[in-house]
Each structure stands twice: as structure tokens, then as C-alpha cells.
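In this text, residue positions in the sequence shown follow the numbering used here: the first is 1, and each later residue adds one.
Hints were generated in silico from the structure; no laboratory data involved.
All values derive from a computational prediction rather than experimental measurement.
Heads up, a few of these hints could be off.
Unchecked claim - In silico DMTMM-like cross-links for lysine to aspartate or glutamate, where the CA-CA straight-line distance does not exceed 20 Å:
| hint | residue 1 | residue 2 |
| --- | --- | --- |
| 1 | LYS12 | ASP29 |
| 2 | LYS6 | GLU74 |
| 3 | LYS69 | ASP85 |
| 4 | LYS6 | GLU84 |
| 5 | LYS69 | GLU58 |
| 6 | LYS12 | ASP52 |
| 7 | LYS9 | ASP52 |
| 8 | LYS69 | ASP24 |
| 9 | LYS12 | GLU74 |
| 10 | LYS69 | ASP52 |
| 11 | LYS69 | ASP29 |
| 12 | LYS12 | GLU58 |
| 13 | LYS48 | ASP24 |
| 14 | LYS9 | GLU74 |
| 15 | LYS48 | ASP85 |
| 16 | LYS48 | ASP29 |
| 17 | LYS6 | GLU58 |
| 18 | LYS9 | ASP29 |
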Amino acid sequence: MFMNIKQRKNGKTTVYIYTGYASDTVLSDILSQSRNAGVSIRPLRSGKIAIDIRNTPEGIRLVTELLRKYGDYEEAVYTAYEAEDQQRRDLYVVSS
Numbered sequence: 001m002f003m004n005i006k007q008r009k010n011g012k013t014t015v016y017i018y019t020g021y022a023s024d025t026v027l028s029d030i031l032s033q034s035r036n037a038g039v040s041i042r043p044l045r046s047g048k049i050a051i052d053i054r055n056t057p058e059g060i061r062l063v064t065e066l067l068r069k070y071g072d073y074e075e076a077v078y079t080a081y082e083a084e085d086q087q088r089r090d091l092y093v094v095s096s
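Turn these sequences into a full structure, and let the hints steer you where they fit.
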């Protein structure tokens with residue numbers, strides 16, 4: 001799993017994204033839809049990105065959209081892993 005969503009007590013939702021294949025797509029989706037969602041982004045030492053979203057109607061719509069798109073994000077990650085795996089296999093092919 002590359003994305004976790006947690007409800008916090010302070011009236012915010014935090015989305016944790018592991019940097020990698022789909023993080024750019026998730027960030028671009030969030031930034032393009034977050035004009036009124038009260039979003040703040042902070043990098044963590046662990047290599048994850050934390051995105052805090054206020055629990056406003058706009059923020060709730062943003063989190064709902066992220067959850068709806070999660071399957072698409074997973075598919076993008078799977079496709080990228082498969083392409084990288086294929087590329088690595090091609091590098092190790094030895095002909096005699």
C-alpha cells in the first residue's frame with residue numbers, strides 16, 4: 001500500500017503517501033482540486049509525504065475523490081512495477 005488516510009482529532013484528515021511511482025499523480029490531483037480544501041503538505045523523515053486536509057465540505061470532497069481514485073492509483077503503480085521488472089529482465093538476458 002502506498003497511501004494511508006487517517007482521521008485526526010484536530011478536525012483534519014491526513015493523507016500519507018509513500019514517495020514512488022504514483023506519488024506525483026496523487027499530489028497533482030490534490031493540488032489541482034485543493035483550492036478551497038485547506039491543504040498543507042509536509043515531507044517526513046521516513047520518506048513519506050503527509051498532506052493535511054481540513055474537514056470542510058471541500059476537504060471532504062477531496063478525500064472522497066482520493067478514495068474513489070485509489071484503484072486507479074494502484075493500477076498505475078502495478079503497471080510501473082511491471083514495466084521496471086520487464087526492463088530489469090531484459091538487462092540480464094544473455095545470449096550465447
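Q) Is it true that the CA of LYS69 sits at most 20 Å from the CA of ASP85? A) With Cα atoms ~24 Å apart, LYS69 and ASP85 exceed 20 Å; violated.
Q: For the pair supplied as a hint, LYS9 and GLU74, confirm whether the alpha-carbon distance does not exceed 20 Å.
A: violated (28 Å)
Q: Take a quick look at whether LYS9 and ASP52 sit within 20 Å of each other, Cα to Cα.
A: Roughly 12 Å between the alpha carbons, so the hint for LYS9 and ASP52 holds.
Q) Has the given pair, LYS12 with GLU74, been kept, meaning a C-alpha gap of at most 20 Å? A) violated (24 Å)
(Q) Between the alpha carbons of LYS48 and ASP85, is the straight-line distance 20 Å or under? (A) The given pair, whose Cα atoms are some 23 Å apart, is violated under the 20 Å limit.
Q. Does GLU58 lie within 20 Å of LYS69 when you go C-alpha to C-alpha?
A. holds (16 Å)
Q | Straight-line alpha-carbon gap LYS12 to ASP29, limit 20 Å | A | Roughly 19 Å between the alpha carbons, so the hint for LYS12 and ASP29 holds.
Q. Is the Cα-Cα distance between LYS69 and ASP24 20 Å or less?
A. Distance of about 14 Å is within 20 Å: holds.
(Q) What's the verdict on LYS9 and ASP29, does the C-alpha distance respect the 20 Å limit or exceed it? (A) Status violated; Cα separation ~25 Å.
(Q) Tell me if the straight-line CA distance from LYS12 to GLU58 falls inside 20 Å. (A) holds (12 Å)
Q: Verify the proposed pairing of LYS48 with ASP24, using a straight-line Cα cut of 20 Å.
A: Roughly 12 Å separates the two Cα atoms, so the pair holds.
**Q.** Pairwise hint evaluation, ASP52 against LYS12, where the allowed Cα distance is 20 Å at most
**A.** Measuring from Cα to Cα gives roughly 6 Å; hence the hint holds.
Hints 3, 4, 9, 14, 15, 18 from the list above are not met by this structure, while the remaining hints are.
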